[in-house]
Amino acid sequence: MTALDALTPQAPPPAEVTGGGGAGPWRSAWRRLRRNPAGIVGAVIVLLFVLVAVLAPLLAPFRPATSEWFGEVTPTSVPGPSDEHPLGLDSYGSDLLTQLIYGARSSLVIGVVSTAVGLAVGALLGVLAGGIGGWVDTVIMRLVDVLLSIPSLLLAVSVAALLGRSPVSIMLAISAAQVPIFARLLRASLLAQRGQDYVVALRSLGLRQRRIVVGHMLPNSLGPVLVQATLTLATAVIEVAALSFLGLGDPNPAVAEWGRMLVTAQDRLDQAPWLALYPGIAIAVTALGFTLLGEALREALDPRSGR
Amino acid sequence: MLTLVVRRLALLVLVLFGLSLLLFAWVRALPGDPARALLGEKATPAGIAAVNERYGFDQPVWQQYLTYLGQIVRGDFGASINTGEPVVTTFFERFPATIELSLAALVLAIVLGIPLGYLAARRRGGWLDNAVVGGSLLGVVVPVFFLAVLLKYLLAIQLGLFPTSGRQDARIDATHVTNFYVLDGLLTREWDASWDALVHLVLPAIALGSIPLAIIVRITRASVLDVLSDDHVRTAEAKGLSRAVISRRHVLRNALLPVSTTLGLQAGALLSGAVLTETVFSINGIGSYLFDAVTQLDYPVLQGFILFIAVVYALVNLVVDISYGVIDPRVRVS
Amino acid sequence: MTGVSLLDVEDLRVRFQRKGQPATTAVDGVSFSVDAGEVVGLVGESGCGKSVTSLAVMGLLPRRGTSISGSVRFDGTDLLALSPSELARRRGRDLAMVFQDPMTSLNPVLTLGRQLTEVLRAHTDLDRAAAKKEAVELLGRVGIPDPRRRAGEFPHQLSGGMRQRVLIAIALACSPRLIIADEPTTALDVTIQAQVLDLLTTLVRESGTAMVLITHDLGVVAGTCDRVNVLYAGRVVESAPRGELFAAPRHRYTQGLLAAVPRVDAPEGTPLHPVRGSVNDRLAWEVGCAFAPRCAHADAACRVPDIALSGPRPEHTARCVHPAGTPLEVA
Ligand SMILES: Nc1ncnc2c1ncn2[C@@H]1O[C@H](COP(=O)(O)OP(=O)(O)O)[C@@H](O)[C@H]1O
Ligand code: SF4
Ligand SMILES: [Mg+2]
Chain A
1 MTALDALTPQ APPPAEVTGG GGAGPWRSAW RRLRRNPAGI VGAVIVLLFV LVAVLAPLLA
61 PFRPATSEWF GEVTPTSVPG PSDEHPLGLD SYGSDLLTQL IYGARSSLVI GVVSTAVGLA
121 VGALLGVLAG GIGGWVDTVI MRLVDVLLSI PSLLLAVSVA ALLGRSPVSI MLAISAAQVP
181 IFARLLRASL LAQRGQDYVV ALRSLGLRQR RIVVGHMLPN SLGPVLVQAT LTLATAVIEV
241 AALSFLGLGD PNPAVAEWGR MLVTAQDRLD QAPWLALYPG IAIAVTALGF TLLGEALREA
301 LDPRSGR
Chain B
308 MLTLVVRRLA LLVLVLFGLS LLLFAWVRAL PGDPARALLG EKATPAGIAA VNERYGFDQP
368 VWQQYLTYLG QIVRGDFGAS INTGEPVVTT FFERFPATIE LSLAALVLAI VLGIPLGYLA
428 ARRRGGWLDN AVVGGSLLGV VVPVFFLAVL LKYLLAIQLG LFPTSGRQDA RIDATHVTNF
488 YVLDGLLTRE WDASWDALVH LVLPAIALGS IPLAIIVRIT RASVLDVLSD DHVRTAEAKG
548 LSRAVISRRH VLRNALLPVS TTLGLQAGAL LSGAVLTETV FSINGIGSYL FDAVTQLDYP
608 VLQGFILFIA VVYALVNLVV DISYGVIDPR VRVS
Chain C
642 MTGVSLLDVE DLRVRFQRKG QPATTAVDGV SFSVDAGEVV GLVGESGCGK SVTSLAVMGL
702 LPRRGTSISG SVRFDGTDLL ALSPSELARR RGRDLAMVFQ DPMTSLNPVL TLGRQLTEVL
762 RAHTDLDRAA AKKEAVELLG RVGIPDPRRR AGEFPHQLSG GMRQRVLIAI ALACSPRLII
822 ADEPTTALDV TIQAQVLDLL TTLVRESGTA MVLITHDLGV VAGTCDRVNV LYAGRVVESA
882 PRGELFAAPR HRYTQGLLAA VPRVDAPEGT PLHPVRGSVN DRLAWEVGCA FAPRCAHADA
942 ACRVPDIALS GPRPEHTARC VHPAGTPLEV A
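Residue numbers (this note's numbering), protein chains in the order written: chain A, 1 to 307; chain B, 308 to 641; chain C, 642 to 972.
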């Protein structure tokens, strides 16, 4: 720690921390988070989701998309739960539980990667806009406005049309919609800090703009970015499903996807509604987990935002 | 106000111009011979010749662009590679279904969302408030297409209260004028046709309406809470106005300002949701047309679609901005 | 008190209880009265309960989490006992209020004319056209130039001083018998504070309306009020006719406040002494004088519960064990 570091308030920006008892803001945020029941529910869901996704090969009773029991599926019926298959089969004759577990995997991978890409690109643009200002700011923000004004589905369709249907193009399609969100967030955060006393103090000490931004202001934006990323993951999980629901998903049928499971389930909605119910609930619960966690993080990092 | 409209329309023209340039470059950037890329697997020598003739791929690039621009300005977006139908014709057949559905969903969301958000804020912390906050969370996390499937299964398949799919019963021999079926029935005085179209709209509209409903409820609630703590509401109370007048004239009216801006931002999400809802209820809207275009890389359709959406989107936001100016005098003057 | 007063506030107490927080007592037994046509000052440092007192009188405190006791008799009726709708019928008609912040106290999306006519139409039987005419007249009376045009404008088109004039016009619209003005000039530019204050007092005097003028600034009181009540920590600590209060303050807090007011008649070079410490260092009135922690004259005698208002004459009383002018000071 240098003397200059001491001038920088740690993220989150010094909100009146009541009952903080001298602990750092991150510590007191952590304490508030632990006391928020909705946040705990969200965290547990997210944790379970990640565990299931990562440990899919260990947890799943079978290998995915084998169609091993295709013979047991008839045009008018799909076998329900049995000793061997706790949730029954899907309409292609694979184990439904296995498909659901592997579905978590695709959602997590695509969701996380696309959010990471969206965050990285968006943050870069936001930092350039907020840190440099002037015409750079104007140009970037106009671009961001345009991007923001395109409906996300249209963006996704264009990307898919341009790059063809592949996991990569789904990820890019989803992150394209996220770029403007993160760019605006970071720019706003930097601009809000620009006038703060500690930044003025650093500048008066003769620090370079770049060092102030990267070394001091950026770390302070970490809180809001974390919140937004968590909330964005919820949308990403839904978007992944929506794209495969529209048939824009991963073209490889061996990849289990909740969205696609929901589509195929529609043909047998009257015989086997659970085929639609399970993946649908999986999507909603996962999105709920990220949303609850994100909202709780927001309240924990900025107690005044609580309503 | 007028300058705002003029300036926005000028901006729209500029955006469309830029967009057309992008779309032009897009097709050009496709790998290989553009004519072959445009036609994809269906490329025949005759087809390629026709495309070359239409786009003038053998001419200099700037001239090609001018040709393209001229065609757009004349409303000629070319013909679908799949169906051979002119893109514009199909749009006029398909878009009314999508717009009808979106409007129904939006009306539902506004009619339910604003009063619910208002009541929740007024009885903050009460059971209604908790239900509204919880419900709007559900509305955000439950995907439209899943809600649509659920509604279809429960209310249409199981209980048989509503039709499972389509826009109108095929047995009704309705006349179609505008392709907005509910409106058509009213125009031609075929009341049963209108009614049937309306009944077909119920489930899709509920499913699609869940997105804007959740958002309208949330924003109304937060905005009413904000306004309730404003000084001017206390002034209104000090004047001895009745509770009803204060609620209507001093709370709700002010609180609706932020709600109206978000409505504009919802247009995109609504369209995306409409496409998803259409697939579930087999509605022949823009969704399935778009879906086919994407999977088969039908470029003329995609180009036309993107341009069309850009126009609709810009117009919706212009309308929202104007209505904002009508209710907020501070915007009107500046 | 004789009971003929227009407004008679007795032992008013207001407690706020918020979820998860200890209850706070904002007003702790305030009593004062206002005769018809009289202008009475309510003076005290920020946070001593002036605004809460005025809101309690008007019945404008949030219902939830607030408990109010005591009595507020207006023309013989206890306002605290009225139902919300009965009270609403009197507000704006019998008693009106001018708030501190003119920038936020008007509705930004309604025209000024509308904000005036709606009071008139709520409490009188003027029709739309007559109310409109009356509104323009009122705007003219509070010194707004070109009132007809201004009536069609919105608050953001006016300066702060002009907006406060509009709020005064709204308060006076139905010729109430009492106006409560809560720091009516505090939020304004120093240069126009005097103008607005002048306008307010002139209009009130002309129409014979009684007024409670709330301020933290004794200077404001000096030229306007008939009587002054000094508030400290939720209680009236001194009550006196204006001239006597300035000439011979009895409570030590009043003395301190006066020493902090710049006076034109003071010999040049007289230092200003702000009262040291802050309202937050205070004793509970049940323990002793709330001002004791800041008082230079405090001693063991000041730590008696609930010191009473007393004085040689009923017109001038103070809540002090060692009031100014007593032997202790001479010694
Ligand atoms: N709605 C409220 N809830 C809780 N405390 C309040 C409320 N309104 C005022 N207070 C508290 O009551 C005390 C008196 O406030 P106020 O009457 O506004 O003081 P002032 O004399 O400056 O007008 C203050 O300590 C304030 O914090
Ligand atoms: S009672 Fe005692 S402490 Fe209070 S003002 Fe008088 S002298 Fe000071
Ligand atoms: Mg006050």
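These are computed hints drawn from the structure, not numbers from a lab. Even for Gly, the Cβ is constructed at its ideal location relative to N, Cα and C. One or more hints might be untrue.
If you only want the chain A side, here are some residues facing chain B, beta carbon under 8 Å, derived [claimed, not checked]:
#1 P79
#2 V121
#3 P219
#4 I238
#5 F245
#6 Q271
#7 P273
#8 T291
Derived CB-CB ranges, DEER-like [to be verified]:
#9 A:R210 / B:E392: 54 to 60 Å
#10 A:R210 / B:W333: 54 to 60 Å
#11 A:R194 / B:L532: 26 to 32 Å
We went through each hint and held it up to the structure:
| no. | hint | verdict |
| --- | --- | --- |
| 1 | P79 | 19 Å, violated |
| 2 | V121 | 19 Å, violated |
| 3 | P219 | 30 Å, violated |
| 4 | I238 | 5 Å, holds |
| 5 | F245 | 5 Å, holds |
| 6 | Q271 | 10 Å, violated |
| 7 | P273 | 5 Å, holds |
| 8 | T291 | 6 Å, holds |
| 9 | A:R210 / B:E392: 54 to 60 Å | 57 Å, holds |
| 10 | A:R210 / B:W333: 54 to 60 Å | 37 Å, violated |
| 11 | A:R194 / B:L532: 26 to 32 Å | 30 Å, holds |
Checked against the numbered hints above, the structure violates hints 1, 2, 3, 6 and 10; every other hint is satisfied.
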